[in-house]
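Chemist: Generate coordinates for the entire structure from the input sequences, incorporating the hints supplied.
2 protein chains.
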Amino acid sequence: MKRLDITQPDFRAQFTSLLAERDSDTASVDAPVAEILAAVRAGGDEALCEFTRRFDRMDVTPAGLRITADEIEAACASVSAELLAALDLAATRIESFHRAQMPESLCYTDAAGVTLGMRWTALDSVGLYVPGGKAAYPSSVLMNAIPAHVAGVRRIAMCVPTPDGVLNPLVLAAARRAGVTEIYRVGGAQAVGAMAYGTATIAPVDRVVGPGNAYVAEAKRQVFGTVGIDSIAGPSEVVVVADGNNDPRAIALDLLAQAEHDPMAQSILITPDAEMAAKVEQAVATELKTLPRAEIARTSWDTHGAIITVRNLDEAADLVNEIAPEHLELMVDAPTPVFDRVRHAGAIFVGRYCPEAIGDYVGGPNHVLPTSRTARFSSGLSVFDFIKRTTFIEAQAESLREIGPAAVSLAEAEGLDAHALSVAVRLAALDRAHDGA
Amino acid sequence: MKRLDITQPDFRAQFTSLLAERDSDTASVDAPVAEILAAVRAGGDEALCEFTRRFDRMDVTPAGLRITADEIEAACASVSAELLAALDLAATRIESFHRAQMPESLCYTDAAGVTLGMRWTALDSVGLYVPGGKAAYPSSVLMNAIPAHVAGVRRIAMCVPTPDGVLNPLVLAAARRAGVTEIYRVGGAQAVGAMAYGTATIAPVDRVVGPGNAYVAEAKRQVFGTVGIDSIAGPSEVVVVADGNNDPRAIALDLLAQAEHDPMAQSILITPDAEMAAKVEQAVATELKTLPRAEIARTSWDTHGAIITVRNLDEAADLVNEIAPEHLELMVDAPTPVFDRVRHAGAIFVGRYCPEAIGDYVGGPNHVLPTSRTARFSSGLSVFDFIKRTTFIEAQAESLREIGPAAVSLAEAEGLDAHALSVAVRLAALDRAHDGA
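Line by line, the protein sequences give chains Y and R.
Residues 1 to 437, numbered by this note's numbering, are exactly what the first sequence covers, in order.
Residues 1 to 437, numbered by this note's numbering, are exactly what the second sequence covers, in order.
Think of the hints as simulated: they come from the structure by calculation, not from any bench.
Note that the structure is a prediction, hence the values are computed from the model and not measured.
Every residue, glycine too, gets a C-beta built ideally from N, C-alpha and C.
Wrong hints could be hidden among the right ones.
Derived, one-sided and incomplete: chain R residues facing chain Y with beta-carbon distance under 10 Å [what the hints assert, rightly or not]:
#	residue
1	R93
2	Q101
3	H344
4	L369
5	T391
6	A395
7	H419
Computed far set for chain R versus chain Y, every beta-carbon distance over 10 Å [said to hold, decoys possible]:
#	residue
8	R12
9	T16
10	D318
Restricting the straight-line Cα-Cα distance to at most 20 Å, the calculated cross-link-like pairs of lysine to aspartate or glutamate (EDC-like) are [stated by the list, open to error]:
#	chain 1	residue 1	chain 2	residue 2
11	R	K2	R	D262
12	R	K289	R	D340
13	Y	K2	Y	E275
14	Y	K289	R	E412
15	Y	K2	Y	D273
16	R	K289	Y	E412
Modeler: What follows is the structure in structure tokens.
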């Protein structure tokens, strides 16, 4: 963990290095991922089975790739009523927020008599990647599938690795609740390849979304263009902006909630209160003594964690904008000025009663968010990932007379004569009709 | 050119092959592009100058990379008043449409007392790539820069190759009119690399947009993640759906307006009227005799063009959905049923007085559109490319009591104990406060 102080002369250098240290470069898995994708493209289901044998240590035939309705039902039956209720509360809230997010289409007629607008339509099909292994997350299923379902996507295919053949009942229950239409026991780059290119068993989809490890991220990068993808997920991060009026243990747990995800995760506290900084540092150390995932959390905190002291909350907001964090908590008496000053953040959690974990599960907004400073230019998963715009324009004869000549001039200037003629021939016809009238 | 008839038994096979034939694979330029990007990242301005010498046959020093205000002013002064007026009409209409496109932020408080919403904010900086060489398009400058400007992006950098050092006055005039803040005489993959990674002269941007050749497209693919990119542009295409009540020459010119862009462009007429099909085929042949860009247009039309006869307009719309064309013209008596049935198209041009060239210049909607069937999952350039969403949530104490326990259950089920504790510690504090009250 690094202690930075904005009043110190070396602050700028230290802060820059803090931002740069996690710059991930997936170049090292470029080649193996390309091989896996090529193998899936050429070998289809057989390649999927082979990779699944190798990476997930389980025998599977093409006919067995799809998880059956009976398996899903049996899995759901094994989940406690309490957990199913929690899942339902989460799903209901996520649905409600994403429904509010749906945009309106646009259509108007302007002064030139041209009718123009844009229409939103859903994708036909999407593929959801859900990480498996030790951390198969039912919440990820809800967060990926519900926006697609709300957007109106008819086919929602899901791939989830099941190492050693072990199904995760809560993941399957989440998929059923969220409206997933088909589930395959395939993971890694091979799953991304299958959804992008299609196999005999898994029909190709139009867009692949969902978080994953470096192989999955690189695979998404490589299939981009053939299908759409969401932002490439990197390691998670949180910035907590807190004043002195807080329970240090709550802040420590929020920092560790990020840290326990991944040794590459990054948790940063920014505070104008040096005393609170010291108390939180102590509280983190205390919690690490008992936390089940302490090993991961400690590695993350020791390597990438930071506590930054600033003079005031304006400085805090300015640092936030440079970090462009995935998650931002504002645990301060007057959050609004900071909230208004922040331009770049994936999601903001306002107040002392809104830890980031609320957003991971039951808040309503999506927890799939831009990581590693990409909140500078991208957004969390949403209904916008599952719809697209068609613009349209309808010109009447008189409108064409008004705006057509400028198009002819510009087309001629660009040396595109067929473009110019396609307008000119219609203008000439209108002139003839006019003269004849 | 291929003639397809939906009533023939081999139609399905022919149609599938028509869709597949242009599947572009940029794998062949993977390696050279990676080399260029690495060189720019390592060598900065010097690498840019070296590549510019090699590819654009011009000597340039780092200090000369930026096109000066004087050069821009001199260029604008050389453009005719008529062209400047045409440019202004186009810019005004593009501005107006993109302003209408700007979405509203969202904020509401739900039944649980949780305030939640999302806020749209502009990117800080974007880089626009503008193709150069024989076809330096001022209209592309307007279409790329105006949405960024309308979205509120403060820094709009533009790169345009100037082969042999020749500036295109109309491109510079368009950049000035559109609100571009800085212009560099750099092209190709090296320009994309400079904008993504930054050099001493060109500060890095947050997102790179704009069409380009295979090198530019591959470079965008490779820098994706470091910066955002727009959809990777492939060769252009148009589908014209026309009934018998049309001037065959107008349709022929619309088909050739696509074809004259690029030998890889694809123009398809779909009509229920076999007689119109024959007339258009004849009209295309006639126009090709005199069209200045006949060589390109003929290659495109001969290789990728198609005339498809169908039984009715419903069939036409269904084929359109499979093609998911960049541009769609509906030149039929009753366009609405077809318009309503089409789910996948970049932009639709409705009626007999609305050739696609209107949309290229003065319509208002963007002409940077999803090509090569990507309209299945992506959209044209818009203000949405230059803004991003931050979601937010604020829970009061009582809200946390209502939704917090479900978050604890789910976090525990996922084995993320710090997540669970971060909520539980606040719930416990509330309980203590409640008991104390």
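Chemist: Under the constraints set out in the numbered hints, which ones does this structure not fulfil?
Modeler: Number 12 only.
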